[in-house]
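Undergrad: Chains as they are written, first to last, in the numbering used here: chain A, 1 to 132; chain B, 1 to 132; chain C, 1 to 132; chain D, 1 to 132; chain E, 1 to 132; chain F, 1 to 132.
Read the hints as simulated data drawn from the structure, not as lab findings.
Source: prediction; values computed, not measured.
Check the hints yourself; a few may be wrong.
What follows is a set of in silico ranges between Cβ atoms, one per label pair, in the way DEER data are often shown [stated by the list, open to error]:
id, chain 1, residue 1, chain 2, residue 2, range
1, B, S64, E, G102, 28 to 38 Å
2, F, E42, C, P75, 45 to 55 Å
3, C, P23, E, D112, 26 to 36 Å
4, C, D112, A, A41, 52 to 62 Å
5, B, D57, E, G102, 48 to 58 Å
6, D, H122, B, A19, 38 to 48 Å
7, D, H122, C, A103, 28 to 38 Å
8, D, D112, B, G18, 37 to 47 Å
9, C, A78, E, D93, 36 to 46 Å
10, F, R17, B, G18, 29 to 39 Å
11, B, M1, E, D112, 48 to 58 Å
12, B, D93, E, D61, 50 to 60 Å
Listed below are several chain C residues computed to face chain F (Cβ distance under 10 Å; list not exhaustive) [claimed, not checked]:
id, residue
13, T5
14, F21
15, D35
16, T37
17, R40
18, D47
19, V49
20, T56
21, D57
22, R130
23, L132
The C-beta atom is built at its ideal place from N, Cα and C for all residues, glycine as well.
There are 6 protein chains.
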Amino acid sequence: MFSVTVRDHMMIAHSLRGAAFGPAQRLHGATYVVDATFRRAELDENDVVVDIARATDAVRDVLSELDYRNLDDEPALAGTNTTTEVLARLIADRLADRIRAGALGDAARGLDGLLVTLHESHLASAAYERGL
Amino acid sequence: MFSVTVRDHMMIAHSLRGAAFGPAQRLHGATYVVDATFRRAELDENDVVVDIARATDAVRDVLSELDYRNLDDEPALAGTNTTTEVLARLIADRLADRIRAGALGDAARGLDGLLVTLHESHLASAAYERGL
Amino acid sequence: MFSVTVRDHMMIAHSLRGAAFGPAQRLHGATYVVDATFRRAELDENDVVVDIARATDAVRDVLSELDYRNLDDEPALAGTNTTTEVLARLIADRLADRIRAGALGDAARGLDGLLVTLHESHLASAAYERGL
Amino acid sequence: MFSVTVRDHMMIAHSLRGAAFGPAQRLHGATYVVDATFRRAELDENDVVVDIARATDAVRDVLSELDYRNLDDEPALAGTNTTTEVLARLIADRLADRIRAGALGDAARGLDGLLVTLHESHLASAAYERGL
Amino acid sequence: MFSVTVRDHMMIAHSLRGAAFGPAQRLHGATYVVDATFRRAELDENDVVVDIARATDAVRDVLSELDYRNLDDEPALAGTNTTTEVLARLIADRLADRIRAGALGDAARGLDGLLVTLHESHLASAAYERGL
Amino acid sequence: MFSVTVRDHMMIAHSLRGAAFGPAQRLHGATYVVDATFRRAELDENDVVVDIARATDAVRDVLSELDYRNLDDEPALAGTNTTTEVLARLIADRLADRIRAGALGDAARGLDGLLVTLHESHLASAAYERGL
């Protein structure tokens with residue numbers, strides 16, 4: 001099994017719902033350093049997992065919908081508790097949509113899976129892994 | 001599959017048994033930077049893998065039994081060759097015990113697996129992965 | 001010249017004022033991984049630059065005044081453009097106040113300088129350095 | 001499941017074939033920071049996954065065949081498009097050969113799998129995983 | 001004193017001249033992860049050291065003259081031994097030229113100094129520091 | 001001003017003397033990831049700060065006198081409180097001795113200064129800087 005990982009980041013404000021979150025129930029923020037990993041059993045005709053320039057652009061495109069925003073005010077996220085785990089799944093699912101839609105090229109339709117990891121500090125990260 | 005990883009560390013003295021360890025047969029020491037990864041197929045009712053504050057406390061609790069000690073003199077480790085691999089398993093097993101005992105909350109009983117990685121330098125690490 | 005550096009972090013929301021900030025004029029957020037460096041020409045009577053436990057506590061104390069907050073709503077920051085540079089100076093100045101007040105112990109009054117670095121992502125950081 | 005990871009690096013020149021590579025079709029170069037991960041269900045008689053000194057030597061031995069070279073001129077790579085993915089597989093396969101040949105010791109024949117990750121910058125990496 | 005650091009990278013081929021370089025006399029390559037640090041005694045009217053977007057663009061602009069190239073074939077580098085140290089100075093000097101020419105904005109003419117660090121692997125880096 | 005930094009590490013046991021050290025008064029241990037920085041106003045005749053292979057060997061040579069040892073039992077350290085700061089100075093001073101003795105080559109006698117940084121965990125480091 002092969003994989004390729006590209007890194008980008010986003011800087012958002014949000015608050016979390018639930019007494020378990022303690023002070024994170026207040027409006028605060030985070031830099032999420034995002035690692036998107038693309039997996040594939042066999043390489044494509046260019047001997048790569050995915051065109052890395054297109055993968056990088058797709059990740060940027062997905063993150064730009066969230067970057068420099070207060071997630072509490074985003075209509076698309078109304079009713080969503082934007083934990084790191086939930087954001088990891090959201091980003092993975094939106095990347096999967098773009099892959100299916102051909103935004104990463106025809107060859108990328110042969111990808112087998114995705115792993116999205118959000119590093120929220122030097123001490124903590126969350127990840128979501130899914131098939132394609 | 002979701003996961004959450006938290007980082008902590010411990011600073012221990014020990015020696016290793018077996019000619020293969022060369023100079024590490026002498027009493028020496030290590031800082032182990034420990035990444036504990038908690039895995040779960042579905043998020044809990046707070047939309048997280050685990051209450052990260054409780055997970056962090058549990059990791060600290062487990063490490064505090066080893067931290068700032070000479071492992072060669074720990075009664076609980078008598079007869080144990082405390083390689084990085086063995087310590088990774090020990091920490092994972094003790095975390096699993098705490099999860100089962102409810103120390104990370106009721107919801108944490110729904111966790112599916114654990115991965116514990118010990119970084120012993122910028123060049124080497126060992127890990128142990130288990131189900132729950 | 002000796003130095004000791006300790007790392008902590010904070011997660012804040014804020015917005016920046018000035019057309020040059022582009023999308024960062026919107027309410028967004030950041031994780032700042034904070035490195036506080038304490039400098040001293042000669043070691044103290046314990047052969048250290050500073051009691052690292054007290055230094056770590058002082059950094060946490062200063063950061064806890066900002067952590068998990070929307071800096072746009074903090075009365076103490078009213079009228080302040082909370083750029084990374086400004087926050088680095090604010091944290092350094094507040095640490096200097098605590099050092100002078102004896103919060104890091106009598107020996108810490110012999111410190112010569114401070115450097116505070118805020119890493120806002122894997123790509124950018126800002127720092128402020130001052131004497132004591 | 002246990003694993004041990006060791007890190008080394010190589011510095012090579014090469015060019016890539018295919019319009020998708022854009023400017024990387026020109027002769028350029030890369031530092032690949034290489035993480036080789038050895039996996040094993042049960043520890044060997046020394047309570048380790050693999051003799052880490054031998055594993056480190058084997059990784060160095062494999063990398064030294066590529067290090068400080070222009071891969072476009074290597075006879076053994078004639079006709080190979082030396083993408084990061086292809087190099088990850090090449091290194092993993094050559095490590096597997098050495099394991100089978102006994103270069104890491106008899107006990108290493110009990111290893112279950114290998115993962116080789118090549119970090120080409122702070123933003124991108126590729127990996128190849130295989131059984132043994 | 002304030003500073004701001006931005007990170008980018010370049011991937012080049014080259015060879016070094018001199019018996020002391022051993023195998024690095026052969027054509028090989030490197031990823032240089034480049035940290036450009038801008039220093040200033042007082043913040044500008046936007047409360048920053050430098051417009052970080054413009055600084056990032058200027059670093060990219062300077063690196064793009066070297067990126068994805070064989071430095072042995074660059075006319076501008078004919079007769080230059082492109083050690084990491086020499087490249088650090090070259091990049092710093094070219095950034096200084098752009099600052100003087102106003103490419104980072106009028107306010108950037110108030111910068112006091114530059115530090116350029118090139119990380120060539122996880123084990124080695126070189127840096128060059130200069131006034132402005 | 002130019003600099004070159006090389007990284008190595010050592011794994012030692014020790015205990016610290018003084019009530020301020022709390023649990024670190026017990027015999028414990030540390031991995032110190034060591035960055036040795038060599039500084040020089042002008043490059044030598046090979047266009048480098050120092051022959052990096054020789055610098056790397058000298059750092060290894062100095063660290064090998066401490067590595068895999070219990071520092072409490074080292075005759076050369078009798079009566080020394082082996083704090084991270086003291087070890088940083090010790091390593092810097094021993095490197096300076098080797099430079100003066102010609103172990104890094106004649107050109108290295110033109111070095112202007114040294115900075116030795118010991119990272120004891122992902123959270124703390126100490127450094128010592130001196131002239132030559």
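Undergrad: The structure should be examined with respect to each hint, and the outcome stated for every one.
TA: Right, here's what the structure says about each hint:
no.	hint	verdict
1	S64(B) / G102(E): 28 to 38 Å	violated (57 Å)
2	E42(F) / P75(C): 45 to 55 Å	holds (53 Å)
3	P23(C) / D112(E): 26 to 36 Å	holds (29 Å)
4	D112(C) / A41(A): 52 to 62 Å	holds (59 Å)
5	D57(B) / G102(E): 48 to 58 Å	holds (54 Å)
6	H122(D) / A19(B): 38 to 48 Å	holds (40 Å)
7	H122(D) / A103(C): 28 to 38 Å	holds (37 Å)
8	D112(D) / G18(B): 37 to 47 Å	violated (22 Å)
9	A78(C) / D93(E): 36 to 46 Å	holds (43 Å)
10	R17(F) / G18(B): 29 to 39 Å	holds (33 Å)
11	M1(B) / D112(E): 48 to 58 Å	holds (51 Å)
12	D93(B) / D61(E): 50 to 60 Å	holds (54 Å)
13	T5	holds (5 Å)
14	F21	violated (31 Å)
15	D35	holds (9 Å)
16	T37	holds (8 Å)
17	R40	holds (9 Å)
18	D47	holds (4 Å)
19	V49	holds (6 Å)
20	T56	holds (8 Å)
21	D57	violated (12 Å)
22	R130	violated (18 Å)
23	L132	violated (17 Å)
Checked against the numbered hints given earlier, the structure breaks hints 1, 8, 14, 21, 22 and 23 and satisfies all the rest.
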